[in-house]
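A.B. asks: What follows is each chain in one-letter form.
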Amino acid sequence: MTRTDHLYIHVPFCKTICAYCDFCHVVYREETAERWLKRLEEDFAEIKDEGYSTVYIGGGTPSSLNIRQLRELLDIVRPFSRKTEEYTIEINPESIDEEKVLLLKEYGINRVSIGLQSSDERLLKLMNRHHSFEDVRKTVELLRKHGLINISLDVLYSLPSQTMDDLKKTVKDVLELDVPHVSLYSLTIEKGTIFDRLGYQPLDEETEADMYEYIGKELTDKGYIHYEIANFAKEGFQSRHNLGYWNYDDYRGMSCGAVGKIHHKRYTMTSDLKDYLEKKDIMEVEDIATREEAFENIMMSLRTIYGLDLKLFKERYGIDFTDEYKDAIEKNKDHLLIKDDHCICKDGEILNTILIDFIKE
Amino acid sequence: MNDKIRNFSIIAHIDHGKSTLADRILELTDTVSKREMVNSQILDSLDLEQERGITIKLNVVQIKYKAKDGEEYTFHLIDTPGHVDFSYEVSRSLAACDGAILVVDASQGIEAQTLANTYLALDNDLEILPVINKIDLPSADIERTKKEIEDVIGLDCSEAPCISAKSGENVEDVLEGIVKHLPCPKGNADDPLRALVFDSYYDSYRGVVVFICIKDGSVKVGDHIRMLHSGTEYEVTELGVKTPNEVKRERLEAGEVGYLCASIKSIKDVFIGDTITSVERPCREALPGYRKMNPMVYCGMYPTDNNKYNDLRDALEKLQLNDSSLTFEAESSKALGFGFRLGFLGLLHMEVVQERLEREYGLNLIATAPSVVYKVTLTDKTEVYIDNPSMMPDNTLIDHIEEPYVRASIMVPNEFIGPVMELSQNKRGIYKDMVYLDDNRNQLIYEMPLSEIIFEYFDKLKSVSRGYASLDYELIGYRQSSLVKMDILLNGEVIDALSIIVHKDFAYDRGHKITVKLKELLPKQQFEIPVQAAIGNKVIARTNIKSLRKDVLAKCYGGDVSRKKKLLEKQKEGKKRMKAVGSVEIPQEAFMAVLALDDDKN
Chain A
1 MTRTDHLYIH VPFCKTICAY CDFCHVVYRE ETAERWLKRL EEDFAEIKDE GYSTVYIGGG
61 TPSSLNIRQL RELLDIVRPF SRKTEEYTIE INPESIDEEK VLLLKEYGIN RVSIGLQSSD
121 ERLLKLMNRH HSFEDVRKTV ELLRKHGLIN ISLDVLYSLP SQTMDDLKKT VKDVLELDVP
181 HVSLYSLTIE KGTIFDRLGY QPLDEETEAD MYEYIGKELT DKGYIHYEIA NFAKEGFQSR
241 HNLGYWNYDD YRGMSCGAVG KIHHKRYTMT SDLKDYLEKK DIMEVEDIAT REEAFENIMM
301 SLRTIYGLDL KLFKERYGID FTDEYKDAIE KNKDHLLIKD DHCICKDGEI LNTILIDFIK
361 E
Chain B
362 MNDKIRNFSI IAHIDHGKST LADRILELTD TVSKREMVNS QILDSLDLEQ ERGITIKLNV
422 VQIKYKAKDG EEYTFHLIDT PGHVDFSYEV SRSLAACDGA ILVVDASQGI EAQTLANTYL
482 ALDNDLEILP VINKIDLPSA DIERTKKEIE DVIGLDCSEA PCISAKSGEN VEDVLEGIVK
542 HLPCPKGNAD DPLRALVFDS YYDSYRGVVV FICIKDGSVK VGDHIRMLHS GTEYEVTELG
602 VKTPNEVKRE RLEAGEVGYL CASIKSIKDV FIGDTITSVE RPCREALPGY RKMNPMVYCG
662 MYPTDNNKYN DLRDALEKLQ LNDSSLTFEA ESSKALGFGF RLGFLGLLHM EVVQERLERE
722 YGLNLIATAP SVVYKVTLTD KTEVYIDNPS MMPDNTLIDH IEEPYVRASI MVPNEFIGPV
782 MELSQNKRGI YKDMVYLDDN RNQLIYEMPL SEIIFEYFDK LKSVSRGYAS LDYELIGYRQ
842 SSLVKMDILL NGEVIDALSI IVHKDFAYDR GHKITVKLKE LLPKQQFEIP VQAAIGNKVI
902 ARTNIKSLRK DVLAKCYGGD VSRKKKLLEK QKEGKKRMKA VGSVEIPQEA FMAVLALDDD
962 KN
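In order, the protein sequence lines correspond to chains A and B.
With the numbering used here, the residue at position 189 of the first sequence is 189, and numbering never jumps.
In short: position in the second sequence from 1, add 361, done, that's the numbering used here.
Check the hints yourself; a few may be wrong.
To be verified - Reference listing, derived: stretches of chain A covered by chain B, where coverage requires no fewer than 3 residues with Cβ under 8 Å from a Cβ of chain B: (1) 204 to 211; (2) 291 to 301; (3) 347 to 356.
What the hints assert, rightly or not - Computed cross-link-like contacts, DSSO-like style, restricted to lysine-lysine with a CA-CA straight-line distance of at most 27 Å: (4) A/Lys331 - B/Lys629; (5) A/Lys333 - B/Lys927; (6) A/Lys15 - A/Lys100; (7) B/Lys865 - A/Lys331; (8) A/Lys314 - B/Lys925; (9) B/Lys925 - A/Lys326; (10) B/Lys925 - B/Lys907; (11) B/Lys931 - A/Lys346; (12) A/Lys274 - A/Lys311; (13) A/Lys125 - A/Lys168; (14) A/Lys360 - B/Lys931; (15) B/Lys541 - B/Lys425; (16) B/Lys907 - B/Lys885; (17) A/Lys15 - A/Lys145; (18) A/Lys346 - B/Lys885; (19) B/Lys925 - A/Lys331; (20) A/Lys360 - B/Lys885; (21) A/Lys360 - B/Lys937; (22) B/Lys581 - A/Lys265; (23) B/Lys581 - B/Lys629; (24) A/Lys333 - B/Lys933; (25) A/Lys333 - B/Lys907; (26) B/Lys937 - A/Lys333; (27) B/Lys669 - A/Lys326; (28) A/Lys346 - B/Lys937; (29) B/Lys936 - B/Lys878; (30) A/Lys234 - A/Lys83; (31) B/Lys878 - B/Lys788; (32) B/Lys865 - B/Lys788; (33) B/Lys788 - B/Lys736; (34) A/Lys331 - B/Lys926; (35) B/Lys933 - A/Lys346; (36) B/Lys736 - B/Lys899; (37) B/Lys927 - A/Lys314; (38) B/Lys925 - A/Lys346; (39) B/Lys931 - A/Lys265; (40) B/Lys926 - A/Lys191.
These are calculated hints, taken from the structure and not from any lab test.
Here the structure is a predicted model, which means the values were calculated and not measured.
Note that the Cβ used here is the ideal one computed from N, Cα and C, for glycine as well.
Make the full structure from the sequences, and use the hints.
C.D. replies: This is the structure in structure tokens:
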């Protein structure tokens, strides 16, 4: 169980920059991407792990690489993806074509996550997204044509100026595509993003809560399992990679902007591409104290409907959950369910408030 | 009689450059080296004083100055606080002096506290040397400032030094002026000992350290002394002067200002203003002491964590050792548990005490809204004093209520007279007089309830006059008013710590504002909370805080675990500053909210 089972690779390039994004990103340039691939190859040369059960290539926009570079990237990862059960890549509709899809298939990628964000043209424009809902529909068809059926859509809601009707339309469009997995995130306006710099305000809490409730009801009505606060899947299509995070397994993160956690240490890679390329202060390593890690585990695991595995918790940290957090559990007894050696949060929408009681002084 | 000694204070309106001048004097006379000056404003030794640029506790320093006449003089500079809250301490330090330097900012002219402090100095029969400061500012108007001082205060300014304390320009003239214009102490070293106690602090090794000014006679280590007021007797164990470091001396004599230790166990045994004399050769008559000033403003202070009650008591006891004007007694609140009722000289004093408790003693505190002391006459004609609104007797038992009134003096340029008068009227002020100081400046006199001054009058005064108006006030006694107690209910429960006393005519308006403000300040909880304002059983205003529906920033990419955790930890920190009252968590600011309502979103 100390085996590191999950691998994340961050591709920092994008054709254009989305207004909400604060992940590590730079505008794609061919030469920079070349240099980045060389650097990544060096880093991978040092890894001795046997292989990972899940691999996730995220970004940024991995599909913004050209076909040759994409092949090079997949070649670099190949030694580690042989036994992988779930191999995901993130793509955007404007940078994918049939040739690239065939390449993904060739290298064993079996799950594709598409950035949709909204089906409303006005809101897409506001977010500085350069595709339409039609483009997404075509991408889904293209993937299915080549047998890539495990498709996930990323959607954002609670966008500046978004109305409930706007959201209903997007949800309806999403349901029509009938993909097996949808992630619906409520927008947070992060410091330094375009939204932040332009002074956009988030929607009021009441509307956001209305939207959250609407989404939950619509998708579960259509047979999706609301298996994590922001994630919905048809049975069997839950993201194993993400379940790894929520189970708080160890995971390795590669390239700038990535984070990993291995053997009670957290590795945070610089989010400055230039530093990464020049090997300057590329990594911050932090020891995670047992109690801290235990809390982080609770924080992650209570997000899913499967909850916190109390036996595993005891095994990992030597801490008896019901004993150690007696007061916090009692205080939140209306929101928590403890049965079959698991602790489950019934009201994920107020998880923050509940978690605060689990923080030790 | 020692004609080579000068004992003086520097008096000024806040920010007119008092501490800067003191620093320059210390530097110019090599009392403190330039290097030590780096930590500027030596006399302000409390952290808070340096941070806020105000002087709270007075301090004394001995300075040697070689004058142009070739003689060496000994100066004792006794620092005074500049804020209106601390006028009691000002009068204490002035009583130890023979003269005072009046610093006036050449770009501002005379302000309310310039006048108030000058009158205090005149009351103490001090010679005053006017000094025009900040002459390097482009807006400085030296002639006009001189004329104002001559016209308004009646001080001759023909020889007033015109200086820049900041750059040091002409500060030498101040030193010469002290020698030339301020008198030397009048006492006689051969007479029986008479020393004025003007300050004290507690030192865990030496007991109480008493600051004294020897008016007559002399005292040496080993002498037996008597405190005339308390009648207690001690043997002197240590004497010294401050330069500003303590320098031990075997003997102090008439005219000198220094400190004395005599194994005095408790600060309560020392009365500020008391006279010290010799047991063997007592003086005939005590020096004129001064009246102890009573606290004007009270508030409750409670630890957010009930287990910290004893820590708070210990901290208050320690703080009181150095601040005899602070009073406290235990009280309890249904909402807040066990805490203390504290009495202060004013609002700044209250803020300073709260900050020191939190910062120096690491306590998390809830302070209730400040209150004045009401004089309540019951129907059976007995009188009670109420300093805590929640203790106000039931309306049916009250015959009438009186509240403290002050005479407020406001200095204001012509263009702001209108807004200042309107503000004062709205604060139940009664117009008394307007004095023209010069062609642009006026002194407005109002009588108004002290409680209204507490309700943001000072801040509002600054804002309606764009900072140009200044305020000073003095208590003038109690007057009957039409007052009622207003309770605030959260979730149907009276929160006693939120009760306030309001004027009947303002009750509806204030009740409405408080409920709206609390709705903004209280975090949403897991259930809906009605917020009500009530007089007796009658609810006069109501808002609802809707229940919390969603709080998760649902975005959670694997990597942001640590960021998310930090966010939660920050929220947890914020919660520490909240008080759980029944099932409702109330943030610290909410208890002050009943005060800060007058902003009207302007």
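A.B. asks: Determine which of the earlier numbered hints do not hold for this structure and return their numbers in increasing order.
C.D. replies: 4, 7, 12 and 22
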